[in-house]
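Could you slot chain V onto chain W? The hints should help.
Quick mapping for you: the protein sequence lines, in order, are chains W and V.
Under our numbering, the first sequence has 119 at position 75, and the numbering climbs by one with no breaks.
Under our numbering, the second sequence has 130 at position 112, and the numbering climbs by one with no breaks.
Keep in mind that the hints were calculated from the coordinates and are not lab data.
Even glycine gets a Cβ: it sits at the ideal position worked out from N, Cα and C.
Accuracy of the hints is not assured; some may be wrong.
[Unchecked claim] Looking from chain W toward chain V, a few residues come up when the C-beta cut is under 7 Å (computed):
no. : residue
1   : Ala52
2   : His54
3   : Pro57
4   : Ser60
5   : Thr61
6   : Pro326
7   : Val327
8   : Pro380
9   : Val382
10  : Tyr383
11  : His385
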Amino acid sequence: MRFPTAPAPHLAPPASTHRIMQWVLLAMIPGTAAQLWQFGPGVLVNLALAVTTALTAEYAMLRLRARHSRAGLSDWSATLTGALLAVSLPPIAPWWVTVFGTLFAIVIGKQLYGGLGYNPFNPAMVGYAVLLISFPKAMTAWLPPVDITGTHWGLSDAWNAIVHHTGPDGSSFDAVTMATPLDTLKTQLGLGRMADEIQSGPLFGALAGKGWQWVNLGYLAGGLWLLRRGLIAWQIPTGFLAALGTWSLVFFLLEPQTYPTPLFHLLGGATMLGAFFIATDPVTASTTPKGRLIYGALIGSLVFVIRAWGGYPDGVAFGVLLLNLAAPTIDHYTRPRVYGHPG
Amino acid sequence: MAALSFFPFGVAGRIRGGVHPEPRKESTADRPIETAFPLPERLYLSLQQHAGQPAEPVVRVGDKVLKGQLLAAGQGTISAPVHAPTSGVVTDILEYPAAHPSALPTPTLLLEPDGEDRWIETRGSADPFGLPPEEISARVGAAGVVGMGGAAFPSAVKLNLGRKTRIQTLLINGGECEPYLTCDDRLMRERAADVVDGILIMLHGLECDQAIVGIEDNKPEAFAAMSAAAAPHGGRVQVRQVPSLYPMGWDKQLIRYFTGKEVPAGGRSADIGVLMHNVATAYAVQQAVRHGRPLVSRIVTVSGLAVSAPRNVEAPIGTLLADLLAFCGHRPEDTASYVMGGPMMGDFLPHPRVPLVKGACGILALSRREVAASDAKACIRCARCVSACPAGLLPLEMVARIRAGQLESAIGYGLKDCISCGSCSYVCPSEIPLVHYFKYASGELVAREQMKHRTEQTKRLAEERQARFERQKREQAALAAQRKAQAQRKTEEAA
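Pulled out of the complex, with its shape left as it was, chain W reads as follows:
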């Protein structure tokens, strides 16, 4: 005999998984718009390539794994992974870089572990790290922002650069690319120049790197909106930014010749994207309130360590991946105190 029964609670939930993913995608709009404005429409081509690849790969993998493919696609998680990877890539990254990175992220970073909810590493960052290690040249060739050049790229220019690997008006590809402010700082410091001297150079704006400051402010705005709506936990971005801010301030005060201003760190590179959109990926982050603060703070610290003394100009991807590895341990030691039990 079967009883048609339903367990309490009997009310529909206030938020659903696919809604959360959609809201996070919406919150990416200000930052992505800033990227579009400063670095041209390449970001749109990257987004289109990455999202299409992500959805195709997700569908194929779900079919191969004999899972419900429509239900799997309708949770929007593959779209979000594709989008997060796309906005992390240089605006004129060759098309195969984007496609390869996305495939790696979805197939190996996510589906081979068991799909949504079971992947230990942030799939977008797995894809990014693989690309950075495999194709360092393509991954560091950024365009100068509009704030420096004053000229806007057209969609066809971006398309030609990404697909045919040619600069606008047949110019050489290398002539149009430029190192990022973080990259420049690292190379110039290596050449023995002073940090304040470098920061007064043409790549640097009032707050941080030209162009990059607006992108970071855009992602900050989107992130604050996510916080307001309660879609991400406040502990992770707070820990992240507080740690990065504190370390950079301490070293800036100790040795201003060698270390850039805290503002340069906070509004440079992938800081805001990382703090609000990447480190907050629920699947791979810590889940306890205290643990999340520690998790965020450790990522922020690693970002500073890698930027200041590491081999790469930015450290968000590696910081997030390393802490993904540590999340279960952090959770284990930060379990909340259960009511009625001694602390």
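Structure of chain V alone, referenced to chain W:
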């Protein structure tokens, strides 16, 4: 357990976790309690309406009974009697579907009202404070009063327990944090003086000096009415507002909020000198002691979008829920599910042809628009359940372990401390029925414990049997040897 405890999370006195479901109380909160509910043709009085032993009938089929007459007496230490909600004839004692998700039949007394609604001679008390304190719990027990907030635990047992452990504070729960429900709200607005009288009677019975009434701040009218009613009693009954949050009415949450103390795990609130009762229970106590009226009716919220005229109805115990729903304009065709109690912790009912019981504070006929309908999806570890848990558990870790069959390891994450409030299931964006898993796991653990106990017992019996056999064999062998020796001796002697 928490190696890193340098943040003041979970300090006593603070509210932890909780959720804010849509209140949906507006459809019933502003309508007065409906007292003109017509007597149904038949009343179905379940003998098991309370926690503990079922009651035993003391009347026979065919007996004429008066309103308030004892029909079935409580059995054992934890039980409650059942009284006639109106005058009439006992026409049958049968098995009838119970107000339970299974709707399985349970022993039920069938009463056919005669329409006169004539009270039996009641033994009230004009001055209950002149009675000896132990007499209060005796009268409350005899009147069949149980926890009216839903738990249906016999109130006299709780009052007696309080007498044994010296209660410093009596907490009265007027929180009513479940969505839809407004029966306590209306009761406090309309009968505040009686409720406060009931609280004073309980204080007298407990020989306790202080009562605190906690009312959620979304009920300003009830707060005002109760404050006015309590004002003449010089601080013995304090009425205070508490934040509107589910589950604010969890006794241990309210205790921490008011006293800053936590009830130790596995303990009772009485262990730290606190006892909690519901406002509706205080009213039932007042009716029982002051007027000598046993608990034969209750105020129940009838609501949900499949009901055209939702309201609070004062109805006799034993009324079929279908009759109550019909009285409030029920549209069966629009009903997706029936719930007894609130939507967060209440029980699903397969159909409404089951009787009203003492602990039922709400009857909901929910439309498709209101209920959760989708299937469970993958957990994305968003930890909304962790933030929502008022007890500080990690529901996502517990459910992962239960799914993997590791029930024991789920205990380490708080399985035994779960209060089944449903906050985690409610906020889960993947609609995983978390509480359902926890209830299953707890039941399974108890079953395993029993199985283990049984196996051990069987093993012990088998071993004892084996030992007995061996002993018998040894004794027989010894006896045989003795006989043989005797026989030999005899032969030798004969020779």
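| request: Quick one: which hint numbers does this structure break? Sort them smallest to largest. | output: none
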